[in-house]
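Asker: What follows is each chain in one-letter form.
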Amino acid sequence: MSNFKDAQNKAHPNKRNTLMSALIVILILNISIQIWLLYTGLNNALGKHKDIALPAFIASLVLFLIGFFWLYYLPMGDRKDKSR
Amino acid sequence: MSDQTAKDPNWKQDFPIERTASTQVSRRDFARFLCLVSGGLAVGSAYVAAKAHFFPPEEIKGEHFVCKADSVPVGGTRSFVLEGSSIPYILIRLENGDWRAYEQKCTHLSCAVYYKPGSGQIVCPCHEGFFDATTGEVLAGPPPRPLPALQVVLKGEDVYVTA
Ligand code: FES
Numbered sequence: 001m002s003n004f005k006d007a008q009n010k011a012h013p014n015k016r017n018t019l020m021s022a023l024i025v026i027l028i029l030n031i032s033i034q035i036w037l038l039y040t041g042l043n044n045a046l047g048k049h050k051d052i053a054l055p056a057f058i059a060s061l062v063l064f065l066i067g068f069f070w071l072y073y074l075p076m077g078d079r080k081d082k083s084r
Numbered sequence: 001m002s003d004q005t006a007k008d009p010n011w012k013q014d015f016p017i018e019r020t021a022s023t024q025v026s027r028r029d030f031a032r033f034l035c036l037v038s039g040g041l042a043v044g045s046a047y048v049a050a051k052a053h054f055f056p057p058e059e060i061k062g063e064h065f066v067c068k069a070d071s072v073p074v075g076g077t078r079s080f081v082l083e084g085s086s087i088p089y090i091l092i093r094l095e096n097g098d099w100r101a102y103e104q105k106c107t108h109l110s111c112a113v114y115y116k117p118g119s120g121q122i123v124c125p126c127h128e129g130f131f132d133a134t135t136g137e138v139l140a141g142p143p144p145r146p147l148p149a150l151q152v153v154l155k156g157e158d159v160y161v162t163a
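So the sequence lines, in the order shown, correspond to chains V and C. Per the UniProt record's numbering, the very first residue in the first sequence carries number 1; after that it's consecutive. Per the UniProt record's numbering, the very first residue in the second sequence carries number 1; after that it's consecutive.
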């Protein structure tokens, strides 16, 4: 079966490099937001405002899932074996 | 292919990965690692939420005797702990005659704070954090939250604290 991955894998390395960088930048962005969410949630929970902890967790989880499915778009690089 | 291998230096036979492939691998692994970190942060947030909702810190119940009023001079302080807990508290007799009690744990990194006599400020020596002694609010420095306070009740000559 042919999907966008085949085209992606045959693309010029420059293209894949750009793609990879974009993916990593987005992941780092997600993580920064998550760090902020964790910090805020923790601070408010310790300061007896526990209502913020749950939305912060949900947002963090959503960001993680986005990042996780994001990995599907990782270029596979110069794989020699065509078995995959 | 075989004579090709024979020509290659030994290290290349041991590590037969092309340069482009090797950079791609490491960046791909980096992206996966970032995803792992992201998952870890989500788990951390989940822990915070669960702890806040299902295992809240125990409330202090009732009144607890601390000391006699005349054992603390004006502008002086006294540390105490409540029985059944290990949290250190600090009792302050302000210069204007008011009494205050706070957790003696800085809200930044839990260093022991102390009252600076005459200044109306509670100081954390670790990273120069300053709190207002009358309210517990943060005046300066890195602490993110005000000091948790206890209510002080005077009964004649006896000083009691309550939540
Ligand atoms: S621990 Fe008190 S300011 Fe850092």
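A few of these clues could be false.
Rough simulated footprint, nothing fancy, chain V against chain C, three-plus residues with beta-carbon under 8 Å [to be verified]: (1) 34-47; (2) 93-100.
Far from chain V, some chain C residues (derived; all Cβ distances over 10 Å) [claimed, not checked]: (3) Arg-27; (4) Phe-30; (5) Thr-77.
Read the hints as simulated data drawn from the structure, not as lab findings. Where is the CB? At the ideal position from N, CA and C, for every residue including glycine.
Asker: Against each hint, give a clear statement of whether it holds in the structure.
Answerer: We went through each hint and held it up to the structure:
1. Here the region 34-47 of chain C counts 10 residues with a CB under 8 Å from a CB of chain V, which clears the bar of 3, and the coverage holds.
2. Coverage of a stretch by a chain is defined here by at least three residues with a beta carbon nearer than 8 Å to that chain's beta carbons; for the region 93-100 of chain C and chain V the count is 0, and the condition is violated.
3. With 10 Å as the threshold on Cβ separation, the claim that Arg-27 (chain C) sits away from chain V is violated: the shortest Cβ distance comes to roughly 5 Å.
4. For Phe-30 (chain C), the requirement that its beta carbon stay farther than 10 Å from each beta carbon of chain V is not met, with the minimum near 7 Å.
5. Every CB of chain V lies more than 10 Å from the CB of Thr-77 (chain C), the least distance being 24 Å, so the non-interface label holds.
The structure shown violates the earlier hints numbered 2, 3, 4.
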